[in-house]
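Assemble the whole structure, with the sequences as input and the hints as a guide.
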Amino acid sequence: MTPQELAHALAQILAANFAARGGDAAEIAVTEQDTQLERPKNREHGDWASNVAMKFAKRIGTNPRALAEELVVEIEKIDGVAKAEIAGPGFMNITLDAASAGETARRVVEQGADYGRNDVLAGQRINLEFVSANPTGPLHMGHTRWAALGDSTARVLRASGAEVTNEYYINDAGSQMNKFGRSVLAAALGEEAPEDAYPGEYIQTLGAQVREQLPNLAELAAEDRDAALEQTQELAYQLQLAEIKDSLERFNVHFDVYFSERTLHAKGENGEPSPIELSIDRLREQGHVFEEDDAIWVRTTDFGDDKDRVFTRGNGIYTYFAADAAYYLSKMDRGFTEKIYLLGADHHGYIGRLTAIAGAAGDNIETDITVLIGQMVNLDGAKLSKRAGNIIELTDLLEWLGADALRYWLARYPADSPLSLDGEKVRSRTNDNPVFYVQYAHARTCAVDRNAEAAGITREAFAPELLTHETETDLLGKLQQYPGIVAGAAELREPHRIARFLEELAAVYHRWYDNCRVIPLGEEPVTDLHRTRLWLNDAAGQVLRNGLDLLGVSAPERL
RNA sequence: GCCUUGGUAGCUCAGUGGAUAGAGCACUUCUCUCCUAAAGAAGGUGUCGGAGGUUCGAUUCCUCUCCAGGGCACCA
1349 MTPQELAHAL
1359 AQILAANFAA
1369 RGGDAAEIAV
1379 TEQDTQLERP
1389 KNREHGDWAS
1399 NVAMKFAKRI
1409 GTNPRALAEE
1419 LVVEIEKIDG
1429 VAKAEIAGPG
1439 FMNITLDAAS
1449 AGETARRVVE
1459 QGADYGRNDV
1469 LAGQRINLEF
1479 VSANPTGPLH
1489 MGHTRWAALG
1499 DSTARVLRAS
1509 GAEVTNEYYI
1519 NDAGSQMNKF
1529 GRSVLAAALG
1539 EEAPEDAYPG
1549 EYIQTLGAQV
1559 REQLPNLAEL
1569 AAEDRDAALE
1579 QTQELAYQLQ
1589 LAEIKDSLER
1599 FNVHFDVYFS
1609 ERTLHAKGEN
1619 GEPSPIELSI
1629 DRLREQGHVF
1639 EEDDAIWVRT
1649 TDFGDDKDRV
1659 FTRGNGIYTY
1669 FAADAAYYLS
1679 KMDRGFTEKI
1689 YLLGADHHGY
1699 IGRLTAIAGA
1709 AGDNIETDIT
1719 VLIGQMVNLD
1729 GAKLSKRAGN
1739 IIELTDLLEW
1749 LGADALRYWL
1759 ARYPADSPLS
1769 LDGEKVRSRT
1779 NDNPVFYVQY
1789 AHARTCAVDR
1799 NAEAAGITRE
1809 AFAPELLTHE
1819 TETDLLGKLQ
1829 QYPGIVAGAA
1839 ELREPHRIAR
1849 FLEELAAVYH
1859 RWYDNCRVIP
1869 LGEEPVTDLH
1879 RTRLWLNDAA
1889 GQVLRNGLDL
1899 LGVSAPERL
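In the numbering used here, the protein residues as written are 1349 to 1907.
Simulated from the structure, these hints should not be mistaken for laboratory data. It should be emphasised that the depicted structure is a prediction, and the values quoted were computed from it without experimental measurement. Some hints could be false.
[As the list claims (entries may be wrong)] Once the Cα atoms are required to be at most 20 Å apart in a straight line, the calculated SDA-like pairs of lysine to any residue come out as:
hint	residue 1	residue 2
1	K1527	R1506
2	K1406	A1363
3	K1527	R1559
4	K1406	E1417
5	K1527	P1547
6	K1773	D1681
The following block contains the structure:
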């Protein structure tokens, strides 16, 4: 009996109760969402608790306790339910019989890596854009947070049935790229940096690489400065982008699409209009375009933006917003039902205009676009900025802290909470480091497995009714919660829920390990209890592994 | 000024209208001849920033307010 099955049964009981009073069950429209059960904090409150009696009493036309009294009678008839009691103002506390709860261990083992997968987002095609850092420098701490959160979000969405494309938008057009090119060229030629140059040391490194790969650069620059700049800029861009991609892969973050802004500006082979040019026509057809002061505008205020936005400037040049619009249309054309943008708080001013683009393009701004804003992250109190030059690169972080610890720590907090991390704590291999606490629990399940095998304990017998120890029902309860946790994390786009769950699961597992032996002591005989516990041990290991995988964190068999 | 995100234990932070608001750390004690002590057990901690409101019930929702971060370009 899973909480999902219980919720389903409860919904039917509630609807039947209403129907029996002469009501139209459709009128109160009970769903499993309404009857979802929670795991009570206090174990005296049973295995699962429901508050539906309080929620529905008024609608049904009675009072909570009276309704609960009728419901518990029916709940107790459910196969697998040991008892149901009323408590407090109308809570119903449900206790499962041990065999029914224990079934979970076998279910988890049999479903393996699929345990936890669900279909709450089935049928959705989601475009998830994140990181999208300019290719003018290495990724820093802020990008690293979005990389960890974005990739974990994608994994959680997929586990809940969505089809997800991870996308990185490359701002490879425009003045920042020119500035980048001039900075690297000066470095390559050994000249003094231009006044507005990028300050980071990586510019010097890129300059050296360019000099090496373009041996005639100095001559070319003397002859044709623009040509030298163009070649330098292109090469530096490719080098930098490759470095970004490489560091992301090492961070276990994979993008399905790297989308170049240039492709939006590019005309067709035979001079066909560019995607940006086409997009203005499409928005005009929708009736949201107007001209004023020589500029072409989109009336984004029709969709809640705080001001209208310029598409084409008075001098005929497209704004960045124009590229954003064309990019959005590209996502639409590629058939995504929902476009999610994961942006840093410094981009929060984009929400209005991005949403407005969606509306102007004819999308539903409530359901087809989601802009998630993440707050800044500090490491050891230092705020890092690429432009200021005091960067800590992703590659440095990987070396210092390791991909697992970094991903775990960055994914364990909601995106909208400002975060300050203590580098030494992230790095520590002690029990005050949750990533090691969770990984250790997993490694322990593997150690038990190895020892069980050596002791000749197999999973040939499974007697779930024997799993009656307090720590066993706790552990089973946690395992039963997992699919719901994944579904909730997906619906809310909050992968940190996975991490928090894993920490709880690890704690319950350690407690169980301390109380219940899988391998008998000394000369004691192996019984079905030991064999059944092996199933439970393996189930715990499986869920720890599945959860860590959603966070992109490894689950070592030994630490 | 306007928009936006935070304010929860000494610290870092969880908490999708429910029962006595939680976890880890820090502090004090215990527990390894026996499956990994990177673990477990015990000990106390709160004006949930403040004031109103909605509700049977508010840390959670609404309004106002105080404090802090971020944002308000025919820049990219």
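(Q) Run through the hints listed earlier and report the numbers of any the structure violates, in increasing order. (A) Checked against the structure, the hints that fail are numbers 1, 6, while the rest are satisfied.
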